[in-house]
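Using the sequences and the hints, build the whole thing.
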Amino acid sequence: MLLMLGLAPAGHAQTLDPPVPSPTTSNPCPSRDIPSSSNLLVRSLVTQWALLAQDLCKVREWDHPWPNTQELLVDVLVGRGLHPTGGIVVPGSGPAAGLALNLDWNERALADGRFATNFEARGSENGFWEAGARLQTLFAAYVENGRSPQFTLTAKHWDLPQLPFYGLGNDTSEHSRTLFGLRATEIASSLDVPLPLGFTLAAELAGLWFDPESSATFGTVNNEATAPGLHGDTAYVRPRVVATWRYPIADVLYGFSTVATVSYELDQALRGGPYSFDRLEARWSAGLGLGPDIGALRFTSHLTISDPHAGNRVPFYRQPTLGGADINDENFLRGYRDYRFRAPNMIVYEISYERQIIDPLGFRLFAEAGKVGLRPGDLGFHGLKSSVGVAATFRLGGATVAEISLGWSAREGVHAYATGNTNNAGGVNVGLRGVF
Amino acid sequence: MTFGRRAWLSLMARGSVLAAGARVRAVEAQPTPYAADPRIKHIVVLMLENRSFDHMLGLLMRDIPDLRGVTPGAYFNDAKDGTRFYVTDGAAYQGQFPVDPPHEFENVHDQLAGSELGGPSMGGFALSYQRNGGNPASIMRCFRPEQLPALTALAKHYLICDNWFSSVPGPTAPNRQFAHFGTSFGQVKSGIIWLGHGKGIYGRLDGAGRRSKIYYFRESGTFGMTFLGSKYFGLYGDFVADCRSGRLPEYAFVEPPYNDQADRTVAADQHPDHSVLAGDRFIWDVYRAIRSNPDVWRSTLLLVVWDEHGGIFDHVPPPRLPYGDGTPDTPFEIAAPRFDFRRLGVRVGAIVVSPYVKPGVDHTLFEHAAIPATVTEQFIGPRRDHAPFLRERNANTLLDLLAPMSPRMDWPDFKSTFPPTPARPVNGPPSGFQLEHVREVHAVLARDHPDIARECDPTTVRTAPEVAAFLGRAMSAIDPRNGRA
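Protein sequence lines, in the order shown, are assigned to chains W and A.
The first sequence lines up with residues 45 to 480 when you count with my numbering.
The second sequence lines up with residues 304 to 788 when you count with my numbering.
Hints listed in this document are in silico derivations from the structure and should not be mistaken for laboratory results.
A hint or two may mislead.
[Unchecked claim] Below, a list of computed lysine to aspartate or glutamate pairs in the DMTMM-like style, where the Cα atoms sit at most 20 Å apart:
| hint | chain 1 | residue 1 | chain 2 | residue 2 |
| --- | --- | --- | --- | --- |
| 1 | A | 718 | W | 188 |
| 2 | A | 718 | A | 449 |
| 3 | A | 383 | W | 77 |
| 4 | A | 534 | W | 337 |
| 5 | A | 502 | W | 403 |
| 6 | A | 502 | W | 337 |
Just so it is clear, the structure is predicted and the values come from calculations on it, not from any experiment.
Below is the structure:
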């Protein structure tokens with residue numbers, strides 16, 4: 045009978061109040077019909093366009109234009125589809141901007157069959173640029189303490205026209221700075237598997253290609269002895285294994301926590317000369333969070349040891365650097381310039397104390413000591429370079445998400461750095477959008 | 304045709320009684336005396352994402368007849384061309400919602416499908432999803448209880464609230480604000496709402512000398528509350544440690560991992576299309592953390608709840624409250640689109656887990672303002688003095704659900720064994736969705752090719768391969784391009 049009356053059986057019976065006219069709701073910005081397309085790119089772009097058109101309509105037509113404007117900005121910047129991006133390419137590149145395209149390729153598959161890709165390209169006004177793609181999938185069928193294996197495939201190309209080089213070793217001068225260019229391409233696949241008791245094991249296979257470019261000054265000042273590998277391009281195949289142990293398994297802000305990582309890689313040169321080597325890296329970090337009113341202590345150490353094969357050397361552009369920020373934007377010895385010390389081997393220690401002043405502001409005191417070594421035996425405690433500094437920190441969610449620091453060293457004075465990380469503890473929708 | 308009639312009669316028999324009971328509770332929901340329960344020292348809230356009550360818990364009616372749930376085929380929604388999509392079982396952990404079901408304010412209005420003659424018919428979910436590029440059948444699919452072992456174990460062992468609605472018919476942001484502030488400050492849509500509105504229940508607790516913390520995952524953060532000071536936060540690992548060591552604050556709000564984390568923790572918020580099974584594991588993880596310390600367990604009330612329905616079907620029309628939101632002097636209203644904050648959002652799942660509740664179902668009317676209302680009554684004082692907004696002042700509290708009894712120390716009948724991500728069975732039984740598909744195709748066949756339809760008996764389909772064979776044969780007849788000239 046109900047159906048004869050043309051009413052859906054999903055019932056009016058449960059309404060707690062007597063049937064009353066529902067409020068007349070004007071809907072000036074209805075969601076749009078999205079035409080289906082078998083082409084993923086077309087579908088993503090059409091969906092994004094429909095979303096942005098609705099956002100624009102809300103800004104114009106609805107009450108409270110400011111929250112709707114924020115929503116529009118969020119949809120412009122993140123989520124599936126095409127978006128503008130910003131940041132740097134590498135330290136010293138200057139501000140960079142570009143575009144990112146985020147796609148889910150087999151969106152109808154279960155978790156262990158899905159993969160999402162991110163394509164991004166950005167360039168800076170100084171002529172630095174990079175372009176890359178990343179494919180990632182989680183194998184959710186296996187879970188260890190909430191963690192699942194992850195497969196990642198990455199391809200990336202950098203063009204870095206001007207990187208500083210001060211020579212190899214600890215005894216170089218600030219005034220010996222010359223510039224070189226570097227083009228590099230990396231294609232890598234890795235599988236990370238979480239194991240019981242907080243261990244994770246990762247295996248990676250990568251192909252790498254490097255092409256250094258000497259400036260006129262660089263070629264005049266340096267040679268194969270002082271900058272091995274400067275005369276030609278090289279190509280590598282690099283198998284690598286990484287073991288990580290963390291305690292406790294889930295991240296904490298308070299109490300004791302530690303993470304230890306050891307990796308071993310074989311960099312086998314396939315072309316370009318005798319530049320094959322093995323590399324061992326170890327990193328240990330331990331923190332003690334005492335509470336927001338007391339602060340947190342953290343100790344970090346990082347060791348890199350390179351072992352060239354017989355008759356081989358490590359190209360200068362494959363050697364780790366200390367000082368300011370390195371090519372991965374890691375900050376050690378901030379009282380020195382970016383890329384200041386370079387050698388096949390490296391050791392660094394840092395101890396820091398951080399606490400809030402008035403939220404969201406805090407401060408961090410840090411002291412660092414480290415050195416590079418032409419040989420592993422050079423990495424003793426004698427002759428460590430040191431740096432101390434203070435940073436103003438910006439805290440969200442009880443943790444530091446960005447800081448501006450001043451580092452001081454007795455030899456090279458004061459240097460300023462700004463860093464931020466990309467986690468979205470900001471919690472202000474941006475970064476979470478695409479999920480909600 | 305019998306689906307609707309059966310459902311209607313069932314609702315007439317049970318629903319009217321429930322509605323009457325709920326009405327009594329709702330009307331009685333005046334400012335109540337200060338009613339703290341001395342046994343409770345900690346309230347923990349785990350708020351998950353975007354799943355409706357029927358989708359997560361509705362099929363439990365099979366085992367709990369008193370539950371206002373669903374049975375497969377009991378309700379339907381019409382799609383664009385009039386095709387009926389019925390409630391079915393066999394929802395997928397992941398992959399069911401490649402397109403996020405729409406759930407902004409105007410979308411939910413479409414889904415409720417209200418008319419001038421009556422309240423919401425709940426008839427617009429399928430069409431709304433279809434218009435946004437999704438498969439309308441997906442929006443009607445529900446989880447079988449055995450698919451969600453942790454949720455089902457807790458639901459059967461503790462107390463299900465089957466009359467808990469999201470606070471506004473809209474998206475995540477305003478609904479979560481009701482949980483944190485007891486109001487959405489007159490907002491019904493996405494965007495940054497909290498700016499300049501104080502610290503909500505966390506500031507009130509601080510003013511009363513009580514501790515509170517929001518626990519989150521490093522790479523997904525908190526939703527909309529990160530502006531609070533450092534002392535209000537911990538990471539999820541801190542929650543586990545605080546439970547174990549007895550340092551749990553009076554009020555703890557647990558944020559699930561909203562994204563896959565760098566340490567390979569899987570997104571467990573259950574937002575479409577994140578893994579619902581990962582969320583089920585996470586629910587169990589939170590429960591297990593509280594049980595790791597018997598003293599903490601003996602003094603804790605845990606609420607597992609979803610923020611809103613996420614565009615997914617539920618069959619119970621959200622009621623209109625006799626009051627809206629705002630301060631007693633200034634009610635909130637929205638002019639464009641018009642809304643008076645009296646209509647609640649779509650019903651969501653809610654389970655109260657505590658050593659002081661008895662197994663069963665509670666039909667009290669709740670919405671998310673009940674969360675700060677409960678915390679206020681328990682740890683601060685009477686709401687008439689401490690709750691500034693109407694919804695929270697008038698909300699029912701969870702404290703009324705606690706029974707005078709010695710603490711229950713027994714465990715649910717569940718041993719942390721989760722099913723693997725389901726492989727597709729080769730010869731398994733078809734899902735309700737598959738059977739529904741068979742019925743639909745046969746109806747088309749009967750209309751257009753009655754001679755062939757007589758040769759294809761849909762009642763003989765018993766396995767998934769038979770579904771495939773049936774559909775292949777039928778589709779070849781309906782559309783010769785499918786293989787039959």
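Q) Of the hints stated earlier, which fail here? A) none
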